[in-house]
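K.L.:
These are the residues of each chain, in order.
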Amino acid sequence: MSRVYREPVEVQAREDGRPTRFVWRGRLYTVRSILEHWAVNREWWREADPADPAPGGSSPGEIAGQPELEYWRVEASAGRGFPAGTYELCRDVAADAWALRRVVD
Amino acid sequence: MEFTHLHVASSYSLRFGTATPAALVARAAELGMPALALTDRDGLYGAFKHVQACTEAGIKPVLGADLALRLPQARARVTLLAEGRQGWASLCRLVTAAHATADADASPVVTAEQIAQHSAGLIVLLGPASDVGQAVAARRSDLARRALDRWLGLGCEAVVEIVDHLDAPGSTHRAARMAELAAQRGTGAVLANAVRYLEPADSRVAQVLDAARHLVPLGSPAVTAREPADAQARAQARNSRAFLADAPTMAAIATRIASALGGTALGGTARALLRQTAELAGRLCLDPVRDLGIGRPHMPEATGGQRAVSLQAVSPQAVSPQAMAQEATRELRIRCESALPPRRPGMSGRRAARTARDRMEHELAIITATGTAPYFLTVADIADRIRASGIRCAIRGSGAGSYVNHLLGISAINPVEHGLLMERFLSPIRTTLPDIDLDVESARRLEAYQVIFDAYGEERTACVSMMETYRARSAIRDVAAAMSLPPDEIGRIAKAFPHIRARHITSALRELPELKASNLATPQLAMVFSIAEKLDGLPRHVAMHPCGILLSDATLRDRTAMQRSAEGFALSHLDKDDAEIAGVIKLDVLGVRMQSAMAYTITEIARTEGDESAPDLDAIPRDDTPTYAMIAQAKTLGCFQIESPGQRELVRKLAPASVDDLIVDISLFRPGPVSSDMISPFLRTRHGLQAPSFPHERLRAALAETGGVVVYHEQVLRILDEMTGCGLDEADLVRRHLSTEHGPRRTEPWFRAAARRRGYDRRVIDQVWEVLAAFGGFGFCKAHAAAFAIPVYQSAWLKRHHPAAFYAGVLTHDPGMYPKRVIVADARLSGIPVLPLDVNTSGDGWKVQADLPPTFPADYSCAPLLPDSRPARPAASPSSPPAGAPSAAAVPQLGVRVSLREVKGISDAEVERIVAGQPYASLRDFWDRARVSRPIAERLVLTGAFDSLYPAPDPAPSSAPRPPADPQPALEFPPEPAPGAVSQPPADAASGFGFLSAPVPGPAPPPAPASPSPLPTRRDLLARVGVLDRAASRASGRARAGSASSSGAGGEALQLFDGAVTDDWLAGLVPAGQLRDLDPAERVAAELDILGFDVSRHVLEFYGTLLAELGVVRSTGLARCRPGETVLVAGVKVATQTPAVRSGQRIIFATLDDAVGLVDLAFFESVQERCAARLFGSWLLLVRGKVRRSGAGTGGGPGSALVRPDAAPVAVTVNGAECWDIPALDEIRVSQGMPAVRAAMAAGDTGVAPGVTSGQGSPGPPAQPMVYGTGFALSPWAETGGPGAALKHAPRNFWHASPGSSGQTGSADD
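Going down the list, the sequences are from chains Z and P.
Just so we're aligned, residue 1 is where the first sequence starts under the working numbering, counting upward by one.
Just so we're aligned, residue 1 is where the second sequence starts under the working numbering, counting upward by one.
Bear in mind the hints are in silico, worked out from the structure with no lab data behind them.
Misleading hints may appear alongside valid ones.
What the hints assert, rightly or not - Negatives, chain P to chain Z, calculated, CB over 12 Å: (1) Gly537; (2) Glu567; (3) Arg752; (4) Ala1108.
What the hints assert, rightly or not - In silico contact screen, one side only, chain P against chain Z (beta carbon under 10 Å); selected entries: (5) Asp167; (6) Gly170; (7) Pro200; (8) Leu218; (9) Ala237; (10) Asn239; (11) Ser240; (12) Ile531.
No residue lacks a Cβ here, since even glycine has one placed at the ideal position from N, Cα and C.
Excised from the complex, chain Z in its bound form (with noise of 0.2 Å):
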C-alpha cells in the first residue's frame, strides 16, 4: 500500500545529489538508505499550455535547462525511536525543488 502526495519539502542533500534529511510537516526525516533512484522527464510538451502552467515555472516557449524530474525512494524514519518508513522524494531539476511524491506503508 502507498499514498501518493504531492507535497512540497525541504530536503538537505549530499553534493552527489542523495537526500540526507527532509523536513514533511513540520517533522524533520533522517534518510537511513537509498532503496532507488531513477529520473524520467517532466511532461515539458504540455507546458506550452498557459492552462496549465508548467510546475517548474519555466515560461511557455522556454525550452533551455533540464526537463528532469529525479526520483529516490528512501528509507528514512523522523528520529530515534520511531519506526522507519519507505519514502519518495522527487527533486525538479531545472526549479531545484523538492517534493515528496509517495509514502509506502
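Please build the complex by placing chain P on the supplied structure of chain Z, with the hints as guidance.
P.N.:
Just chain P now, kept in the frame of chain Z:
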C-alpha cells in the same frame, strides 16, 4: 582518469541522434578525451565526417555501427566496433549485408550468423538492448549466460557494455548484474553512456525524434512493429542522461554500479571497469591513412574503355598501381594524338596546329603529374558508352576548360577557341580530385546509370547518397504532430512558411511581411517553433544524390557500406564530400530536362518530317542569324537558361550574336556581376558608348574580350599570373582563397609586393586590387558558362526553326521555370495552335500535328478570343517583327496536341493502353479496349477528349457578336464575349461546379430549345461512362458468381457482356442532347482541374467586364505607357522569385500571364507589408503600380540608354504598389456593382489572402541584410521563395477560393 565513449549516435542515426559528428567531436576534445567513437544506427553515413572532425580536433577516431539483430523469438540491438583496416572492411560489408537482409518494413537487420561471418576485426558490444542485456533485465541469469556463451561460441570477440541511464527503478542493479555476468564468464566489460545528444537539455529533441520515428504523440508508449517492445523500451528517451558526459561523471557512474555490486573492493571494481574501457578504446583507434585509405585516390583499374569488359577477371593485386598509371598515360597520349585536328595548309594552319599540340602536351604533363590519366580514360569511356546507347550527353562545368576532354570527345567545346584554361580545372598543386560532370537526358538518366554499372560492375560502382534534412516546413510538421496538434492545423502552419531553414523560423516570423500578417506568433505555438528550430539540418531520409556516381577499384565495398536505392541501384553511404575524402572518384551524371526536351524535339521532327529532316544538334552551325535575332528580341520562353524575366531583359540589352556572347550573357547573369555592377560598364563598351579601358596595357590580353570588365574566373587567373608571375596553377589557388572570409585581407600584402616587383605602380595595383577583392568568389567560371552556352544555343535554334516540335518537347519534359500555361500561351502567340486532348490523336507526350482539320481554327477555341493576339498574323503586330519571331509562316500550319500524361491521375499503363488501341470508333469501343478507370474516362470526357468522335455543338452560338478585329493591339481588356455565350456568370459558376466531381450528373435540365443537337454532349458522355461502368461491374459480379473456378473472370465477363452493350443500346439509354453541355466557364474549370492549365480559353476572359471597367492595361500595351505612369495590370501569377539583388533588399519579383503576354512585376520592401500575403496567396492578381522601363533586377540604372535601337521594344517592368485578388473583386462586382469594387480597392480590405487580416501586421524592423566583405549585401530571405504551394500548377480548388474562407495562404496541396 581519461574516458572514451564507445557507443555514440550522431544525427546520422536518422531520427534518433541529435548532434552532428562535428559537434560531438568538438565536445569530446573540449572535455579532454583522447578519442571518440561514432556508432550510428543502421548506417555508416557519418563515418568520414567523424574521422575528418577527429583529425581536425586532434583526437583519435573509433568507428562502429549499432545494428538491429534478428533472433529466433525476438529482436535486439548490438553495437559492432571496427579494429584496424580489416575491421573497417568487415564493418562495411556487415552493414551492407544488414541492408540487403532488410525486414519487410525495409529496416536493416543482421543475424548472429552474419556477424560471425564478418567477425574478422570486429568487436561485438553486448549492451542493455542486446539479447544478453534483455535476459539480465528480465532477471534470467541462466538465459543471459547462455546468450553470452553463444556469442563466444560463434567465434566473435564479445564485450559486455554496461550502461546505467537511471531511466527506471532498478536501473543501477541491472547494470551491476551485467558486470557480474561478464566477470563470471571472464569476458571483458566496458562502461558506455549510449550517447544520443550533447547536453541533458537536448533530450527533448530526442523525445520528439522518437515520437516522429514511431509516428506517435509524445508521452505515449511507442511500441511499433518497427521495433518490438523489448528493443524499443531501451531506445526511447525517458530522461536526460544519454548525453556526452565528461570523465568524472562517467567515473561516478562506475562507482555507483560498483557499489550496487556490493562486496568489498568498491573502488577497485569501478577502476577496473574504466581501465578496460580505456584499453579497448586504445585498441580500436583507427589510422585514417592506414586503416581507412584516406588521402590517396582509388581509381578504377581500367586503362581505357576497351578493357573495361575484361575487368571482372583482373584482380586488384595483379597489376601494380605504378604500372597501371604508366599504361593509362600511354594510352591517353595515343588517343589524344589521333584526335588532333588535321593541319590546314598555310602559315595560319601551321600556327593553329602548333597551338593545339602545345596545349595538348601542356595538359598531358599536368595529367601525368597528377596521376589522373585513368580517370580521363574512364570518363571518356563512359561518355562514349552513354552516347552509344543513344542518350544525349554533354559536358558541364570546369571540365570544358580541358583540351584533352575535347580531344577525347567528352566535351563539344574547344577550349582553345574560347580562351578556357586547364588550370581552372586541374593542376598539379591542387589537392582535390578533378570533377568532370556530364549532362544527360533527364528522362533517361537512370538508363545512363545502368550503362555505367554494366560496364564497371557493382564492386566498383555506386551511387552517391545524400541526406534530406529537416527544414522549416518538415520540422514544424513533425514537431507539431508529436505535440498532437490537429493535422489540418499542422498543414496550415507549415505551409505558411517559405522554404527556409528550420533555424530561421522565429526570425522569419518576426521579419517576413507575409508571416507578420499571420497570427502564428502565439505562445501556444512558441514551443513548437522553438523545438522545430532545434531540428534544423538533422538528416531525416537517405536519398540518392541526383547526379553523383562513385567509381573506384574493386575494393570499393571494403571502404563503404552500400544499400539499395529506391531505383534499385547500389547506393553508397558516402555523400559527395565523403567521396573526396575517401579518395573515390565522383562523376556527376546529371539529368537535364532540356536535353530530354531537345531529344524529344528531334524525334518529333523525324516523325513528322522524316528522318532526313531531323537536324544533328551537335553539328548545326553556331552562327545562325535568325536564331540570334530571336534571342535579341527576348522571345526566349522555353529556351535553356535565358527565359527568366531578368535574362529576357539582359539578352535584349546584350543582343548576343555568337556563342561567345552567350557565354558572356550567362556569366553576367550571376549574383557577383550583378552585385558589383559589371553589367552597365560592360554594355557601355559593348555598344560603343564608351572606349574599353584597361588598368595597364599588359592586362589588355586578359581583359580585351570583355572590354576591360572582369567577368570570368579565367580572367582573374590571367591577371594574377601577369601581375605577380605566380603561374596559372598557383593563381587558381589564390582565386579560391579570395572567396573565403579572410582571404582578401591575407592575400593583399603578397599581391602588392609581387606586383611591385614586376614593375606595376601603386595606382594600377590599387585599381586592380579593388576589382579582385570585390570580385571575391563571385565571378563565373568561363568554362562552365561555355558548357551552358551550347544547349542555350541549341534550344534557341530549335525554337526558331522547328517551333512546333520544340514546344512539344518543352511541354513534354517541362524543363523550365514556368508553369506549362506560359509555354502554351507562348506557342499560341507564336502561331502554333494548342490542340485539345483527343483520345484518337493524343499520345504519350505532346505531339506535333500537321493535318489540322480544315475548319481549324474556327471549331477549336484554342486561339485567344481577344482581338490583339490573332495567331494567324503575328507579323501584323508591331511588337513582333517577322525577322526574329519563331514564325510559322515558313512551315505548313502545325499544331501541338496535349499529351495524355497531362490528365490528373492517369497511370503509365492507362496511357500505354490508350495509345496502343488508337483509333477508337466510339466511347464504348474506347471503354472496352483502353480499359481505363472510371475517373480517368470521366476526366477525358470533361476535357473534350471525345469531341472528335462526337463534335460538340459550338458553345458560343454563331449569332453572338464577336469583338471586332482591332488593327492595333488593344491596350485594355474587352468585356467578356456576349453574355449569352456564357450560360452562368463566373462568380456564380463557382457554386455550380459541384457536379464536376460527382460521378453521375444529377437530374437533367431540359435541353436548350434553341440548339437541339443530334450529337451527345459532354454531360451525356459522362452519363454513358457511368452506365458502362455499372454494366461492367454487374457483369464481372455475375461472372464471379457463375463460374467460381474461372480465374480471369473480369476479362471474360466483359466479352460475355460485349454483345449486350452496343453503341445503339447506350445511345438509347442516354440519348444525345439530353443533358446540357458544358459552358465555356465550365470547360475552363474542368481543364484547370484536370490538366492544370486552360486550353479552350484563357481564364482571364471570364473577368473581362471587371478588367475593362477598371481600365486594366495589357502586357502588349505597356510599352506605350509613359515611364512613371501608374497603371493597373492583371493576370495569372506564373512565377514569384526573391533573388539576391545588389541593395540587400528582399525584392519580390512576380510574373503575370495576361493571355497576350507576360507582365513582369517588382515589389520592393516598402510595399511588402501590405502586399506580400496577398501576392503569395492569390493566383489571379490585379496589381496597381508604376511603369518602369528596363533596368529591372539586373542593376542597370542607366540601362535604358544601352538598348540597341533595333532591338525593339524596350523591357518594361511594373513596380507594384498594391494588389488584389481578382475573383474576390469580381464577386463584389456581381453582387454590389462597380462602385463597391472601387471602394473596396480604395479601402484595401478586399482580396485579402484568405485567413490573413490585412493591415494589422505591425511593421517590425526590416530584416538586416548580410553584408559581405566585398560590399555585397544580401537579404537573409533572398532565394527562399514564397509560402504556399509551388506555382508549377494551377491551384486545384482555385475556383472555390473566396476571401471568406479559412485557408492560411495558397490553397493547393503541395
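K.L.:
A separate judgement is required for each hint: does it hold in the structure or not?
P.N.:
Here's how the hints hold up against the structure:
1. Gly537: Consistent with the label, P/Gly537 stays out of reach of chain Z, its closest Cβ about 18 Å off (over 12 Å).
2. Glu567: Label holds. Min Cβ-Cβ 38 Å, cutoff 12 Å.
3. Arg752: P/Arg752 clear of chain Z: closest Cβ-Cβ about 49 Å, beyond 12 Å.
4. Ala1108: holds, 52 Å
5. Asp167: holds, 6 Å
6. Gly170: P/Gly170 check passes; min Cβ-Cβ to chain Z is 7 Å, inside 10 Å.
7. Pro200: With Cβ-Cβ at 5 Å, under 10 Å, it holds.
8. Leu218: holds, 5 Å
9. Ala237: Hint on P/Ala237: holds, closest Cβ of chain Z at ~8 Å, below 10 Å.
10. Asn239: holds, 4 Å
11. Ser240: holds, 5 Å
12. Ile531: holds, 6 Å
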